[in-house]
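There are 6 protein chains.
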Amino acid sequence: MFHHVKELQFNARVSKPDPRFARLLLEQFGGPNGELKAAMQYFVQAFGCRKPHPDKYDMLMDIATEEFSHLEIVGATIQMLLTGVNGELKNAADESDLNKMLDGTTAKESYIHDALIDPHFFLVSGGTPTLTDSDGNPWSSTYIMGMGDITVDMRCNIAAEATAKLVYENLMKFTDDVYVKETLRFLMTREVAHLQMFQAALDSVQPNFPPGILQSDPKFSNKYFNMSDGNNFSGPWNEGKSPEMKEEWQVIENPIEHIKETDGLLNEKAKGTDRTDKTVQEVNKALSAERKNEVDKATSPSADGIMSWSDSNSGEKEKKEKKLQ
Amino acid sequence: MFHHVKELQFNARVSKPDPRFARLLLEQFGGPNGELKAAMQYFVQAFGCRKPHPDKYDMLMDIATEEFSHLEIVGATIQMLLTGVNGELKNAADESDLNKMLDGTTAKESYIHDALIDPHFFLVSGGTPTLTDSDGNPWSSTYIMGMGDITVDMRCNIAAEATAKLVYENLMKFTDDVYVKETLRFLMTREVAHLQMFQAALDSVQPNFPPGILQSDPKFSNKYFNMSDGNNFSGPWNEGKSPEMKEEWQVIENPIEHIKETDGLLNEKAKGTDRTDKTVQEVNKALSAERKNEVDKATSPSADGIMSWSDSNSGEKEKKEKKLQ
Amino acid sequence: MFHHVKELQFNARVSKPDPRFARLLLEQFGGPNGELKAAMQYFVQAFGCRKPHPDKYDMLMDIATEEFSHLEIVGATIQMLLTGVNGELKNAADESDLNKMLDGTTAKESYIHDALIDPHFFLVSGGTPTLTDSDGNPWSSTYIMGMGDITVDMRCNIAAEATAKLVYENLMKFTDDVYVKETLRFLMTREVAHLQMFQAALDSVQPNFPPGILQSDPKFSNKYFNMSDGNNFSGPWNEGKSPEMKEEWQVIENPIEHIKETDGLLNEKAKGTDRTDKTVQEVNKALSAERKNEVDKATSPSADGIMSWSDSNSGEKEKKEKKLQ
Amino acid sequence: MFHHVKELQFNARVSKPDPRFARLLLEQFGGPNGELKAAMQYFVQAFGCRKPHPDKYDMLMDIATEEFSHLEIVGATIQMLLTGVNGELKNAADESDLNKMLDGTTAKESYIHDALIDPHFFLVSGGTPTLTDSDGNPWSSTYIMGMGDITVDMRCNIAAEATAKLVYENLMKFTDDVYVKETLRFLMTREVAHLQMFQAALDSVQPNFPPGILQSDPKFSNKYFNMSDGNNFSGPWNEGKSPEMKEEWQVIENPIEHIKETDGLLNEKAKGTDRTDKTVQEVNKALSAERKNEVDKATSPSADGIMSWSDSNSGEKEKKEKKLQ
Amino acid sequence: MFHHVKELQFNARVSKPDPRFARLLLEQFGGPNGELKAAMQYFVQAFGCRKPHPDKYDMLMDIATEEFSHLEIVGATIQMLLTGVNGELKNAADESDLNKMLDGTTAKESYIHDALIDPHFFLVSGGTPTLTDSDGNPWSSTYIMGMGDITVDMRCNIAAEATAKLVYENLMKFTDDVYVKETLRFLMTREVAHLQMFQAALDSVQPNFPPGILQSDPKFSNKYFNMSDGNNFSGPWNEGKSPEMKEEWQVIENPIEHIKETDGLLNEKAKGTDRTDKTVQEVNKALSAERKNEVDKATSPSADGIMSWSDSNSGEKEKKEKKLQ
Amino acid sequence: MFHHVKELQFNARVSKPDPRFARLLLEQFGGPNGELKAAMQYFVQAFGCRKPHPDKYDMLMDIATEEFSHLEIVGATIQMLLTGVNGELKNAADESDLNKMLDGTTAKESYIHDALIDPHFFLVSGGTPTLTDSDGNPWSSTYIMGMGDITVDMRCNIAAEATAKLVYENLMKFTDDVYVKETLRFLMTREVAHLQMFQAALDSVQPNFPPGILQSDPKFSNKYFNMSDGNNFSGPWNEGKSPEMKEEWQVIENPIEHIKETDGLLNEKAKGTDRTDKTVQEVNKALSAERKNEVDKATSPSADGIMSWSDSNSGEKEKKEKKLQ
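Residue numbers (the numbering used here), protein chains in the order written: chain A, 1007 to 1331; chain B, 1007 to 1331; chain C, 1007 to 1331; chain D, 1007 to 1331; chain E, 1007 to 1331; chain F, 1007 to 1331.
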């Protein structure tokens, strides 16, 4: 269950109205890398962890709830930046007051221009934040990533935090308001903190590479296809050893020829690796059994076959077990 | 700031896995009338009320937070209905166990069929709820309604609660699980409760008709155009008096002819009403002034010109003032 | 079947081109609260009423057809506001005339700026209205609400009319063209008229609360959960009696504690209401039977089992029956 | 202005309910090639033609209005195919009647399965058509094509009619209902009729190639780049003369080499054509002047500078002028 | 398999940065008529042709690959137009350099304004093209047309090339950069070339009218319904003979009356045509057999029942057969 | 420029038609984690790297081009799985052959059922792949991640490869076709290879944490807010040192109280870290200068001020410089 207190997690402040920056700031309210995306991504991922990984569930819900709280901070800041818009719209019958608002200097032309920059604020939301990005695109759950697998989901979350961090960094270029910058800096920093939490969680699962369970095919896991001809550079991504599996990179310099020679890779051979199909199958089986068992045991219903979500005691017990690992 | 406790607001239970009903239940998780829509609609509307209408802000945040908590209940129920899916997917290397799962009777064909019915559960989410409706459409913030005006927003919320209520009513036809029905009934009932809260809030604002501020033009507010020829019925919507403004309905039996006669209504006359352009303008001005004043006064920055969101004392003060009105 | 006459329902006029206001006006052409949304919402709802509620079908088709006619008025106004854009684009080979257009004063810089404000008009539509909102988002049928139930659909329609009314009210702030304002005022007034028609139709169905058929659970229908802590206001939404069901509001001051005490509300008791589970079930059964019967009787096929849509005589007969009720 | 009569343009009939075919038929109700797409495409295009091309406006509005009428036919057919769904949903309290409906043989399992196939019908629309395609995707105005230029728009409309025709052809494979087939055949035939109308309209504009105004660059208009190596076929698209401009096709057998030799085509030469840059510029200027003049003359405001849409006499006059050309 | 060379097909150049035109040019990068749409439309259509129509497959893949190469040209041009944006964003800590960039004259206000015009460039993409149209809408595969039938798909492709051509024509109005215009002219010309290729391919299939297989119903194929009353024009679309089928157009002057008289067209008679239901059925059968046979023969698996895509010899053989036809 | 050869990169094979698995496999053709998403994500990111990071540009274009080639493999497999669908649709006039197709045993009922499972294949695409996910949602460029910064983009790409890998892993559960599995295994393995390439590229940029340039605020970078009450677990994400910055995690056990005490964190103090505001500002400045300089130098136009994309010699030169670093 969620609960709400009226205070913001960070006491956001604003020096004066600025509908233009409000528009830009929408990127983190309803944009693809914004706070709602983060909150919903972790919230949705958490369901799958509830039983098999209560510690990860706890972490995901902690961070999801914090992201909801950040969404509130961003919305509150936008609302304050839009001060004056709603009151002016309420002045539906009389336009004579129009010149007095927005820092005292804004004429009607400027008011209309602001409306053209973000018509939603002036025509639809009445000066309230809208769940869109900074270009007016509605928020969509297609922004959410997650596969129901910790070794994948944590990598998705690291990416989410990295993008969100950079949006805040970019936003700071477009405001001179020291109070707004103060808030942006807090929010930016929290993305850095969360990124590290997800990294730590990923590291705590072993093995975590490759993501998921099935091992890669040794014939193809260390081949680099030179598909883009011209200036061909080398670097650690195609020379030396691969970073995770430590196989020797093999560059296919001329892929078209190679494909024809190998009957479309059907006759490809493994090279620069010790892994074989046999060792791969063994790992696949062992890891399948272990991970399936973990999930099945944790999610099996109680004796009467009935499942319930709020299960008061099991948490503590699992906590102890977890910490032993 | 939001806070979360691990217990659900309603202790949702499930008798046995049922991926098919899980698919249908998505309608209220990520569908256009579902819990996330409700939560976000009220949450977003709340920002605009924070200063000028702290009592409505309080109500909107109470209900928004409850809807988030309902979203969690729906997600938890779907997760329990999907028990077995994730474990089976973890069994990536070995398919021999496939026949034993899901109530002990389901063969591979049935498993594949379930995957075809909702491929997202089996291919993407790993048996975790997805933020889509029951037909797989991603949640979109276009579902959210709100205009930054209480007399409009409360009507939008009444509509939202009415649709959500009916979706729960319909959902009950498709499950026999008494525990699931118990949860659905709780959720359905809360929509009825919320609907009444929004109705009460709407009634507490006077005048609340027409929504917004500007009065309607007396020439056109009580005309009924018979645009669809054939069997023409009459009812309280085109005979007698209009329900809110108590003007006498005037039926234009033959709109095409009427348009030609009145030069496209430019020469239309008011009939069946006492209102005139003059009385309309007077109301417009008075109400504009009142509503604008209310907003401007409440949202004006403090003496130093700085605005902050968390304002510890003002709430109590406003509360008293509000209750006097 | 639809028919079209070349005259507009309201003879829209424009003083001079204004591509910027044309952009804003798109909100009511292809926006979520605009004329197409209204037209399609009522049109789609009408199908379900055709047989069981021919009087509501008649009303919905009358209003839907009027909304299509309003869509045409809005489009015509936008087209006139864009005068000059298409001709200039046709001047594909020669740019020397560019400075002469648009009120005689517009230089190329201004022309380019207009294109940046609404690139669709200049790059894609050739100066013709586009089916987007004022921020360029494509119209989507997710804007449409309706559940195939009159007690829900009329509430959705009231919300739709309320939002559309306010968009017109807001739009008037952004144009000084008296002819355009005249048209906007007509359109705004019709929303007020339609709102009352839907209210009258809703009132004519009894009982219409709760929407749909199933009664709410007496244990939960009058509880108010104080989910947002801080300044807690009271008002008719949480003190006194609920407006529709007249049950006494019960405030749960500390929901977290309450949830824990009642085992997630499984042990909740009804309070402040006379309704019981038994009376609820009785109403549920009686109303189910009545409403199902009404639909089944009206939609049952003729003796030969064949259904056809255009059924010349039945309408008149039903009309008489309806009026008796 | 639109008008509606209760009779359908084609008296659609249905032998018995079939929710599954109803699902498929949605493709033409709210799908990308369906009736709403066609109606809105021609309706929107019509605005731009109103003044400069009143004859094309007349044709576009005739066909747009017919497509709205077809939308109604499709919706009516879906509604009849869904007979029983709404009545059953109204039976909210009692499930005992469930086995008796839908052709007398359908058990609850089948009812649930139908709901899984199209959950929108059963959970949301209450057995009324929904504005989606056959896979549940909401209708979007991105389906609409049109550029405000007759030589382009007519080609878009030909494509639209061709796709719609084929969808009806495909749909006929999935129903045995002779009445439904009769309706589908009528609708399919009308697409063929409309396609020819648009072809005739395109032919009536000269020159109509290339679409728009600017002539193509003689250096590039007849080059064929062999970008996909392997089995290289020849046909009238890369040997002989191009169909519209009658230039000799020039095949670039090895594009990579050719690009390098010509410094990225900067040094490309015209071949197999008589056109030169000079003749191109002459045509560009002449056609620009002609088309711009046509639009500007037709759309110039009346003496008082005011524009109005409904202009009673001009149509007849323009008609005579048009027919002389 | 695709391959890439670093050189562009056309060596695009830019005189100086222009973020505003970059925004407009996005229309052809990620817009509904842009290069990605064209590339993906032809690429997807190609799959269905691979076996039955290897010559059309070859043409579609040639053009699809060229369109990908054009997408790269457009992206490269946008990237050059955005020069300076990324570097400035990297200057995250220091704002003092801001006034020096972008042609030496742009002050911070202008920088912010550019960000408001296209916030994605400045907040999200870091000065890299985004896959949206010029108004920020994300690219969607709903832009793609195609029905798996050559007689339809070629018509869709003609429409696609026509719209793309006109967008380039329009874009040229909004830049003075001679190098950018040079590139736009190349791209525009290629659309004209492709249009003719698709026309030639359509002409090479006989019969290609009506699109698909089934013949139209003689009762309805030459009727023109006068659905839009007022100024009724005539032209080759409703007088004389239809352009493809050469049937005499029959105008229904008063559709409402006509519908009532013919019982919703159920009693309609064929007029102005020699075709009968019998001749229609004969053509339907013969063409069905021929087209089905063509597809089935080409796609039947080899002797061992296994299908593979890369089939080295068959191409050449088919090429010879094809050319004989 | 792109080039295409008719052979697939991997010679995909299929044992027999299977429209149901074809539906599931769409997830990787047009789904959010599929091959088009990957191809377009790397392709779009590449533009920003072209000048400042030619080695990363080379890698991104290599992998993007390989992903396009994988898209082709997936599409080819789907096409083969759909063998029979197109031919049967061509049989538009005669339904008698229907029972003979699809492995010889499928009756019409099954054919219709397949159409209900994926109506797009049967009604719209004519048995050709569609650019949707496995649930019919159209591909959207909102799937693409990227910020124009290598330290962010590589993390996004790692996430993309991880999700794609798992989708292939999951897909293998739903087919028994050994040839299809062989192809899926190849594709899955390539995701693992690419993931490592992106990891290597990320590691080659130093510093790469935090992503972007600005350092985090020491007051907030190591705080863990316990926002979700109940069972509180600890792990490396909230005890010990943070993985990247090696600061000591500080748990805020009771965030609500803490917020109130610190005036909404305005009075928060740094703890468990050596970093100070001063050191942070120094790093910010130094890194800003370095990264800005790198970009500006690389993207500055040549002496004549003109920029061109294809720049034949510089690549080789840069390559040498790069390798020295």
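Certain hints may be false.
Note: identical chains are not told apart, hence a pair may lie in one copy or across any two.
[Unchecked claim] Derived lysine-lysine pairs resembling DSSO-like cross-links, with alpha carbons at most 30 Å apart: (1) Lys1179 with Lys1114; (2) Lys1252 with Lys1277; (3) Lys1012 with Lys1275; (4) Lys1277 with Lys1114; (5) Lys1275 with Lys1303; (6) Lys1022 with Lys1114; (7) Lys1012 with Lys1284; (8) Lys1303 with Lys1114.
Treat the hints as calculated values from the structure; they're not laboratory data.
Hints and how they fare:
1. Lys1179 with Lys1114: Close inside one copy (27 Å) and across copies (10 Å); limit 30 Å.
2. Lys1252 with Lys1277: Within one copy only: 13 Å inside a chain, 38 Å across chains, cut-off 30 Å.
3. Lys1012 with Lys1275: between (64 Å within a copy, 23 Å between copies)
4. Lys1277 with Lys1114: neither (72 Å within a copy, 37 Å between copies)
5. Lys1275 with Lys1303: neither (40 Å within a copy, 36 Å between copies)
6. Lys1022 with Lys1114: Both ways: Lys1022 and Lys1114 sit 19 Å apart in one copy and 19 Å across, limit 30 Å.
7. Lys1012 with Lys1284: Intra 60 Å, inter 34 Å, cutoff 30 Å: neither.
8. Lys1303 with Lys1114: Cα proximity of Lys1303 and Lys1114: across copies only (22 Å, versus 67 Å in one copy).
Comparing the model with each numbered hint stated earlier shows that hints 4, 5, 7 do not hold.
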